[in-house]
Amino acid sequence: MCDHYRTLGINKDATKNEIRDAYSIAARNYQDAVDADSGAQEEFQRLQEAYEILSDPVKRQLYDASQEREDEEILVEVDTIYSSETLVRLDEPQRVYAMVTIRCKSSANGYQRTPANICLVVDRSTSMKENRLEIMKRNILNIFDRLSADDVFSLITFNDRAEVVIPSTTAINLPSLKKSILGLTADGGTEIFQGLIRGYQMLSQSIRKAESRYLMLLTDGHTYGDESSCYSMARQAAQEGIVIQGMGIGHEWNDRFLDRLTSISGGCAQYISTPEDLQQILDRQLQALESVYAQQLKFSFKKPDDISIGTVFRLSPDSAPMSTESPVSLGNLEYDREQVLLFEFLVPPQEESKTGVELANGEISMKLSGGDKLVQVPCRLYREYADTASEAPPPDRMMRAVSRLTLYRLQAKAHSALLERNVAEATRYLQSLATHLLSQGNHGLARTVLREAESIRKHGEFSKYGEKNLKYGTRALMLPEDEGER
Amino acid sequence: MIICPNCHHQEFAGALFCSECATQLVVTEHPFKVGATDIISNDKLDGMTFTPKRRDSTRIGPGEHIFLKILLDGTLMELAGHKEFTVGRGVKGQLILPDVDLGVYDAHALGVSRLHAVLKVTPTAVSIMDLGSSNGTCLNSVPIRGHEETILHHGDIVALGKLEFEVLFDV
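Residue numbers (the working numbering), protein chains in the order written: chain A, 632 to 1117; chain B, 586 to 756.
Here chain A stands alone, though its shape is the one from the complex (with noise of 0.2 Å):
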C-alpha cells in the first residue's frame, strides 16, 4: 500500500487544515503536467486518493489503524516539540524553535550485534612526545581487550606522512601485534589528511557488508593548507556510511576544523584535557558500537528561502553544531540512545491568506545495520497560526535546551568580542554565563568562566586552557542531564 501521508507530503499527525493545504499545492503542480503526461497523470490519481482518505476522519481512522500494523516491522519513531503550540500572525520577523527526537523503540536486547570496523588514526607529530603518546599506547591495549571476536581493527599514524602500523586485523589476532604499538615514537609535523585518507582507505576497501565503521582521529595539532581535501574526503565517507569521530588533545588543536570535519559524517569532536578523559571518551565510542540500529541516519529535507535556519545543534547523543544544509547527517542509531536535533529558524513576517507555515519538509532516512534495508520516516516541520498567542508555556525540554544553547553563545560571544580586542564586552558576556551557571546550581564551571574572566582583564587573553574548557565545558551541558556528568 502507497503511503498517503508520504504522497502529500504531511505528518501523521497532519490537521484537517494541513492536509487541506498540502493537497491544493500539490494539485496545483500537477494540474499543468497532467495533459502531457501519462505518468504525471498517475501521479494526480495517488494524490486525489490520499486527499479523499486523509480528509474524511473515518476513513482516514482505518486508514491508519491499517497502516500501524504495516508499520510494525519498523521501529523508528520520529517526534518533534515546537517552542510554541501556534504562531501569531506578525508583521516583523519571528523565532521558532523545533526540537525533532529520532528513536528506536526496540531495546538491543535480543538482537545480533553488527560487527564493528575500527580505524585508529593517530597523530604522532613532535608535540605528541612528552606522556601523550605513552597514554595513547596504553589505551590502544585496552581498545583491543574490549573488542568482540569479528571486529576489525587498523592503526594508522602520522607526521608529515602516514604510517600503516596495523593493516586491518581481526580482533583475535591483535594480541600478537602489540609489539608494534610499543615501539611507536613521536617526531615531524602534523598533517592530518594523510592520515585520514589511509584511514578512509583501510575502512573503505573492507567487503564485509554488514559492520558499523568508525574511524576515529586523535590529534593535537592544526593541519595547514589540506583542510578542504580533508572536508571532501569525509562527505565521501559519508556516503559510505564510515562515521568519522574526532579527539582534540590538550589546547593547541584546531576546534573549528575539527567540529566541522566530524559533523560531515555525523560524528562529533571532543576535548580531551585528562588522561581519564581520553579512556572515557574511547570506552564511549567503543560502548556505542555496541547497540547500532541503523547507519547513514540523516535528515533531509527542503524549506521555503525566506525561512532562515539559524542553527541545527545536535542535543544527544552528543552535542555538536550540525550542518544547516540538507541533508544533517547524523551517523549511527543506536537502540538504547535517541538522537535529538534542535533548529532555530526565523519566519518572516506572514500574510493573512496563510493558515500555517512550513518550516522544513523532508524525510528521515537510515539504512538498518546488518543489511542494506531503507527506512524512511517523513518528517514536517510545521506551524499553525492562530489569531490569539498561545498561553502554553514552551515545554521544558525546549527551555532547557535553548537556554543552554543559549549559554554555549554567550561563551562564543565573549570568544569573538576577544579577537576584536574588545575586553571590556568579553568580560560582560563572561559574567553573564557565570552568573547564570551559578544560578543553575554549575559552580564548577561557573568557577572556570570566572577565572577566565579575570585572565581576560589581567592580560587580555584567555588562558592556555581556558578557552576549549568554556567551549566544551558548555557544550556539554546540553547533552541530556544524565550524561552531562563526566
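Honestly, the hints are just simulated from the structure, not real lab data.
Keep in mind it's a predicted model, so treat the numbers as computed, not measured.
Idealized CB from N, CA, C, for every residue including glycine.
To give a feel for the contact side, a few chain A residues facing chain B, derived at Cβ under 8 Å:
#, residue
1, Ser714
2, Leu721
3, Ser1070
The hints should help you fit chain B onto chain A, whose structure is shown.
Structure of chain B alone, referenced to chain A:
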C-alpha cells in the same frame, strides 16, 4: 521585537532567552530551573553550595569566597584577585572606571555615584567604605558614615543609593 528587561537588547519575537545576557524572556509556570551538571572534572571547587541563612560571624572561613548578589536580577559577582574593589557606575569617557561597574542596572536613576564606595577584602573579613557619594550607602537599611570602614557579615544587604546587593560568603 522583544526588549530584554535586563540589558535592553532587542530580540526577535518568539525568542526564549536574551542572546546578550541569557535572561529568560518568556513566562513559564515555575521559574525555569535546571539541575547541576559539573563539567570540568579537575576542578576541586566543585560542589560548593550557598549557605542561605544569615550568620552573625563576620569572619570569612578558610577557602570561602565573597560574592555580591544584585537583588534586582540575582546576578552574582565574585570579589577575587584584588584586595580592594571600587563600586560605582561607569560612564563613557570616565578615566577611572569602578572595579565593580553597576552601570547596566540603570544605576544613575537609582542614585549610584560614579565612585560610590570601596570594598576591602582581607583574608578574614570584608568591609565597605562610602567614598562621599551623593546619595549615601545603607547597611541593612541603616545609613553608614562616609569615609569609615564598616565590617560586613554574610547575608548583609547593602544599598548604594537605592541599588541593593547582598553580601555572601561561600566555600
